[in-house]
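Peer 1: Since the structure of chain B is provided, determine the placement of chain D on it from the hints.
Listed in order, the protein sequences are those of chains B and D. First residue of the first sequence: 1, per our numbering; consecutive thereafter. First residue of the second sequence: 1, per our numbering; consecutive thereafter.
To be clear, the hints were calculated from the coordinates, so they are not data collected in a lab. Nothing here was measured: the structure is a model prediction, and the numbers come from that model. Treat the hints with care, since some could be wrong.
[To be verified] No farther apart than 25 angstroms at their CA atoms in a straight line, the calculated lysine to any residue pairs in the SDA-like style are these:
#	chain 1	residue 1	chain 2	residue 2
1	B	K223	D	G257
2	B	K223	D	W319
3	B	K223	D	F78
4	B	K223	D	G76
5	B	K223	D	A262
6	B	K223	D	M67
7	B	K223	D	I18
8	B	K223	D	S313
9	B	K223	D	I13
10	B	K223	D	R323
11	B	K223	D	A17
12	D	K223	D	S313
13	B	K223	D	V21
14	B	K223	D	F24
15	B	K223	D	R2
16	D	K238	D	Y125
17	D	K65	B	Y110
18	B	K223	D	T15
19	B	K223	D	L10
20	B	K145	D	L311
21	B	K223	D	Y125
22	B	K223	D	L311
23	B	K223	D	I22
24	B	K223	D	K223
25	B	K223	D	Y4
26	B	K223	D	I253
27	B	K223	D	Y136
28	B	K223	D	L72
29	B	K223	D	S3
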Amino acid sequence: MSDVAPTSHARGSPSRSPAEGSVLVAGAAQAGEDATAISPRRLMWLRFRRHRLALVSGAFLIVLYTLAAFCEFISPYGTVTRNDDAINAPPMRVHFFDAEGEFHLRPFVYAYQMEVDPETWIRIYTEDTSRRFPIRFFARGEPYKMWNLFEMDRHLFTVDEGGYIHLFGTDPLGRDMFSRVFYGGRVSLSIGIVGVVLTIVLGILLGGLAGYLGGLVDRAVNKMIEVLQCLPSLPLWMALSATLPVHWSPLLVYFGITIILSLFGWTSLARQVRGRFLALREEDFVMAARLMGADTPRVITKHMLPSFSSHIIATATLAVPGMILGETALSFLGIGLRPPVVSWGVLMFQAQNPLVIELTPWQMLPGLFVVLTVMAFNLLGDGLRDAADPYSTAGTQ
Amino acid sequence: MRSYVVSRLLGLIPTLAIISVIIFAVIQLPEGDVVSSTLDRLAAQGIAPTEEYVQNLRAQYNLDKPMALQYLYWAGNFLTGDMGYSYVFERPVNDLVWERLGYTLSITVSALLFTWIVALPIGIYSAVRQYSIGDYVMTTIALVGLATPPFLLALIFMHLGFEWFGVSTGGLFSPEYEDAAWSWGRVVDMLAHLWLPMVIVGLGSAAFTMRILRANLLDELNKPYVVTARAKGVGPVKLVLKYPVRIAINPFISNIGLMLPALVSGEALVSLVMGLPTIGPLLLQSLLNQDMFLAGSLLMWLAILTVVGILLSDLLLAWVDPRIRFE
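Only chain B is shown next, with the shape it has when bound in the complex (with noise of 0.2 angstroms):
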């Protein structure tokens, strides 16, 4: 892995004892298995399995883009649903004993009762015990569109009509925060994924041109690269965000951001490409494969592109923070995503004001969920990159 040595040592893999190596090889052949004879996917995954946080942060993504890409079902409300009842109000409790303190299989929560302060007129929200609201599991409840293609009414958990339930509290226009959260998931999460395959896309093109084709072509897109690393990307992002018209759909203006964060999002991963293509090119079978009459494509995408997939897959796991940062940054700023359209970043953009972390801090739950979903990208990208070269000898990175 000498060729990508900077960029792979740059988030600081976690580093192994040279010993690790062969308790890799002893734990397969614990398996019943010969080690000579473990499949590469299978010799991946041995490793991946060993990195515990990435398996943990793995599977926490699973769960996270699940819920998101199911959000009407998993919310109780839309996200302009107004309860005037809930202003600024505070996350709800769940609870199963009641004020008397009898126990309730089904739980429950207990509507709002609502003062405000004489003297600096904030509303202050207590649980009112005389009003329960039992929580309904797989109930009808607000009518919604799924995937904007199926009418249908049922939420992962309600509360009976009249009632209402809102488990991170609610926004200065009373509308549910866990709702708009997982929305809002939905939203920043498929930016980054987006995003991520058109980097990929680019990466792979110019990076495979550099690397193939060599000189001229291999000089520009180097410089490029150079050029474009060493650009501050956060105001180009914004100079470009700004150019996007005013009236685009929001539509347009999601697809518009996603290809201003993969403009300057390729560099790298064309880096890592071309430095492949370089080192593969001279190899037996690339010429092999050549020999017998097989065309530049068939030789880059049959023979070469399958040997470092995994490798990209890690490059391009380990960018996806990027692409949710920079669209949340930009959305905070004002001049990314705009409401009525959800996202991480458009939540957050309420919470700019210092005061809303003193009276409302469940605002910037949003953060929270930014904050976890790039820590487990990270930890994710760390174990796949070290799984990525099965055979590379541990703590020779």
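Peer 2: Positioned in the frame of chain B, the structure of chain D alone reads:
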């Protein structure tokens, strides 16, 4: 060494030229230009400009010339130190930029120093005491620090500053020094305000550098020469500091190129949240007002700042590590 310096300096020219083309393309993107927005403003005031006036205005901004020529005018003016006129602030861009550029530079550089000062001892500690409680705590903080967007950190710190010290932490100066002339007291006041943005901007890169130092040092500590030195009775402090740290510390300089763009980006974002008088907030304002001349100059300055910083770090690395000069 001299030939290396010269070749690097010459390499700067095409880099900056490409950057200027990119930035010029970006500021040409929005629909409308200086003239159309001036006409809009005039129309809003009920003034119908004559055809001749419009022609003159277009000629004044060189908008009647082909695009390539417009670029040359823009780049030429920038080189001669004339960055044009901001019609939003109704002041020459020169007046607006210089002071703010100084603040941007001081926050970025101090954040870089903070990065090193924090990352060095923590990185060494974490590597030497691998898997100790302290190591776990520090690595966890580093993980969280890497994942937290700077604006969120800024919000949280401002809140904590308000909660614990009862002071408003926004801005770079106390009110009494805000418009005062430069004096010793003003410098001290600025330093008292500077540390918070410095910490916030630098935290992410400190986490990043610490993790690299830890990983590199761990690799180094397992090498036979360290075992030999220990066997020969070298003291534990000298054993670590004398060779392994000196080798593992290389990324401190070589990673400036990776960190500087991120620091400049983070600085812009943090300044916006904390209301610091740097380039970032001015850039956002100029973008929101479509004042593209100003935006272009600001982008160009931020780019120059980073590129020159990276160049300096490369030269420093070549000076420290002779292998680089001969490549």
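Peer 1: Each of the hints needs a verdict: does it hold here or not?
Peer 2: Now the hints, each set against the structure:
no.: 1; hint: B:K223 / D:G257; result: 15 angstroms, holds
no.: 2; hint: B:K223 / D:W319; result: 24 angstroms, holds
no.: 3; hint: B:K223 / D:F78; result: 23 angstroms, holds
no.: 4; hint: B:K223 / D:G76; result: 23 angstroms, holds
no.: 5; hint: B:K223 / D:A262; result: 20 angstroms, holds
no.: 6; hint: B:K223 / D:M67; result: 24 angstroms, holds
no.: 7; hint: B:K223 / D:I18; result: 9 angstroms, holds
no.: 8; hint: B:K223 / D:S313; result: 19 angstroms, holds
no.: 9; hint: B:K223 / D:I13; result: 12 angstroms, holds
no.: 10; hint: B:K223 / D:R323; result: 23 angstroms, holds
no.: 11; hint: B:K223 / D:A17; result: 12 angstroms, holds
no.: 12; hint: D:K223 / D:S313; result: 28 angstroms, violated
no.: 13; hint: B:K223 / D:V21; result: 14 angstroms, holds
no.: 14; hint: B:K223 / D:F24; result: 18 angstroms, holds
no.: 15; hint: B:K223 / D:R2; result: 23 angstroms, holds
no.: 16; hint: D:K238 / D:Y125; result: 14 angstroms, holds
no.: 17; hint: D:K65 / B:Y110; result: 70 angstroms, violated
no.: 18; hint: B:K223 / D:T15; result: 8 angstroms, holds
no.: 19; hint: B:K223 / D:L10; result: 14 angstroms, holds
no.: 20; hint: B:K145 / D:L311; result: 55 angstroms, violated
no.: 21; hint: B:K223 / D:Y125; result: 39 angstroms, violated
no.: 22; hint: B:K223 / D:L311; result: 15 angstroms, holds
no.: 23; hint: B:K223 / D:I22; result: 13 angstroms, holds
no.: 24; hint: B:K223 / D:K223; result: 37 angstroms, violated
no.: 25; hint: B:K223 / D:Y4; result: 18 angstroms, holds
no.: 26; hint: B:K223 / D:I253; result: 22 angstroms, holds
no.: 27; hint: B:K223 / D:Y136; result: 40 angstroms, violated
no.: 28; hint: B:K223 / D:L72; result: 22 angstroms, holds
no.: 29; hint: B:K223 / D:S3; result: 21 angstroms, holds
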